[in-house]
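Novice: Below are the chains, spelled out letter by letter.
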Amino acid sequence: MTTIKKHINLANILLFFLILSTSSIRAEVYISLAPALVEIDTDNASTRPSLVDLRIGYEYHAHQLELAIMSSISDDNLNQLTVDVPSVNSIFYRYSPHENEQIKMHFILGASQIDVDSTYPNIADTTDTFNGVSFGIGFEEAFKSIPQLKLKLDLLRLYNGDSLDVNLLSIGVRYVF
Amino acid sequence: MFFKEAITLFISGLFLLLVACGDEDKEANLINLHTLASQDIISIHFPADLTENIISTNSEFNFVIQGVKSNNTDTTIITRDIVWSLSDHALSTIDQQGHFLASNTAELITLTAQFGPLIETLDLKISDAKFDEVLQLNKQNFNTDMCQSQEIKPIARYIDKDGNEEIHQLDSNTINTITWLIRNQEDNSTSQRAHIKTLGNQTNLHALAAGDIIIQAKALSIFTGTEKTSTDFNQNIGNNLNSIKVCNSDDSNLSSCNVTSTNIEKDKTLSLMSVGNYQASDGSSFNLNISQNSKWGINNTNASIAFFSDFQNLSILGNTESSTATLTVACGTITQSLSTTDITQGVILDDNVSCDGGINCMGASTAITISQLSVSSFTVSANNIDLTDNTSETLSSRPDEITLEVIANFTDSTSKTITTDSKLSYSITAGDDDVIEDKADSSGVFTVLGNGTAKIEINYRSESFIVYLEIP
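Going line by line, the protein sequences match chains A and B. The first sequence begins at 1 in the numbering used here and counts up by one. The second sequence begins at 1 in the numbering used here and counts up by one.
Bound conformation, chain A alone (with noise of 0.2 Å):
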C-alpha cells in the first residue's frame, strides 16, 4: 500500500510538471461531464454500479490530456451483494487521427485507481482498490449550433486483471473553452 501511496503522489508530481509544460503551447482547455455505468466482470457474474464522471483537460491538435474524477451516483445489487464504486481517478492520454471528421474517434490510453465496495451477508463489509493501466475508444460530435460542446461516448477499459475487470460506459457532453 505504501509502495503505491507513493507512485500516486509521483504521478500528481508528473502529471503537475506535465500542466506546466503544456501550459506555454497553444492548448485548449476543457471540460466534461457525463453519467458512466461501470461494469465489474469476473468470469461467475457481474455488477454495475454508476457514477458520475467529471474530467478536466488539455487539447491541442489530435492530442488530449485529461484528468478524470468519478463518484458514485448508485450502487447496484446481485442477490445479496451490494457493490459500489465510490471514486475512479484516471488520467488519460487521448488520440485522434482523423481530426477533420464529423464524428472524431479517440483511442484512449491511462491509468486509473479504482475504489470498490462490497457488502454481503455474514461477511465483513470490504473495500478494494484497484490500479492499473486503463485503454479504450472515444467517439465524439460537435454541435452544430455550438461548436465548442461535444457529444461524447466513451468505451474504457479501465482496470484488465487476471480474473476481473473494470469496464467503463459514458455518454456525456464536452465543452472547450
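By construction, these hints were calculated from the structure, which means they are not laboratory data. Heads up, a few of these hints could be off.
As the list claims (entries may be wrong) - Partner residues are not named here, just some residues of chain B that face chain A (Cβ under 10 Å, in silico):
1. 26
2. 27
3. 28
4. 35
5. 36
6. 39
7. 40
8. 79
9. 117
10. 354
In this text, a Cβ means the ideal position worked out from N, Cα and C, and glycines have one as well.
Take the given structure of chain A and dock chain B to it, following the hints.
Specialist: Okay, now just chain B, sitting in the frame of chain A:
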C-alpha cells in the same frame, strides 16, 4: 513545437509506467463475492446425510457441500467453484470435484471446502478397522413407490484391532461384494417386487411392484473371515402411481410428452420411455421416467425391443416391412409370470404385458407401424456409364441396346441392386417408340430404335430418378 509534444508524451508515458501497477492479488475478494452472489449462497456446510467422518482405508467417497440460500431456508448442493483441500501431510487425496481417495494406512486429517470466502472444515478419520456386517439398509428410513429407484447408503459395523466397534457407511470396496436377498414378507418367497444393484459404488433399490419386502445383505466378514447375512430389513414399496404413459425419449417435458410418431422404418429404431405420474404426500403430483422399473412387452416379432445401456430408454427395432406391432408397458404386478425372468436386467417379455384390472398395476400401450426403409438416393449406370439424375449424357456411338443398372442407397447407409426388383418401375418419358423401346422380359433393358433424346423415369419406394440420354 514538436519538442514540446514529445516532452508531453514522455511525461505521460512515465506517469503511466509509475501508476500502472497491477492488483491481481486484490481481485480474489471481489471474485469470491461475485461467485457467492451468483449462486445466492450465504453459508455452507457438509450435509449430514451425505457426509461421513470415518472412511475405510483404500476406499473412495464423494464429498459434497450444501449451500444455504439468502432466504435462510432453501438449500442447494453446490456443484462448482468449490476448492477442496486436505491438511498438510495427508496421505489421502481429494480432487476438485470432491472425490476422496483414502490412503492405505490409518490417519487423522482435516478436509477443507472453500466456496469463495466461505470455509467449512471436517475432521476425518481414515480407519483400518475391518468390515464385519451390514447393520442398516440406509442411514435414514425412506419411502419408495413401485417403479421408482431409491439410492441406499447401507450402514455397517467395522471392528478395529483393539476390538472397538466403528459404525459408519459401508465403504466403496465392500459395497460391491454384497449379495442382496429380497423376500416377500407375507410368505417369505423370493421377491420379484424389487432388486438392488450397485454400479460405480452407488447402490440403488429398484422397486418393481408394490408390497412389503424383507431385504438382507450377505457378505464376507473381513473381521471373522466368515460369510455373514444381516438381520431382516423390512421395507414397504408403496403404490402412489396415478398413471403411466409412453413417450418419445427425447421429450424432456414429462408432464406433456407422448409418442409423436408410431412409425419406424424397417431396420431403424425408435427410442421410447415410460413416464409415471405419482401422488406426493403433500397432495401435489410429479412425473418420473420409470422405464427401468417398468415391464415391457411386444406382441410379435415384427419389431423387437431392448433397453439402452443406462436402462433409461427403450429401443424398438423394426424387423418386418409393412407390418405392425403393439408395445405394452406396465408398472406393478402384471398378469404374466416373471419366474424365469432376471429382473435385474429389466423386464422385457415376448408378449403383451397386462394388468387385468389389478389395483397394484397400471399399464399403457402404443401401436407401432413398421414401414419400408426409405431410399436416400440412386446410383444408376447405362451401359456402364455412370449417370446423374435428370442430367443429359451423350453416348459416343449408337448402341443396339441400353442396359441400366440401378442401385438403391437406403437411409441406413446400406445399398442394394434393384434393377430387376418387381417394385421398381421404368417409364419412358421421352423418345418412346421413336428412340428407344422396352425390351420384352428384360427389366432395365431398352432397345435402341434411332437417334435422339431418350428419358426413362425410374420409381422405387416413392423416390424417382430420370435417365437422360442423347443417342447419336
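Novice: Could you run down the list of hints and mark each one as holding or not?
Specialist: Hints and how they fare:
no.	hint	verdict
1	26	holds (5 Å)
2	27	holds (4 Å)
3	28	holds (9 Å)
4	35	holds (5 Å)
5	36	holds (6 Å)
6	39	holds (8 Å)
7	40	holds (4 Å)
8	79	violated (13 Å)
9	117	holds (6 Å)
10	354	violated (53 Å)
Hints 8, 10 from the earlier list are contradicted by this structure; the remaining hints agree with it.
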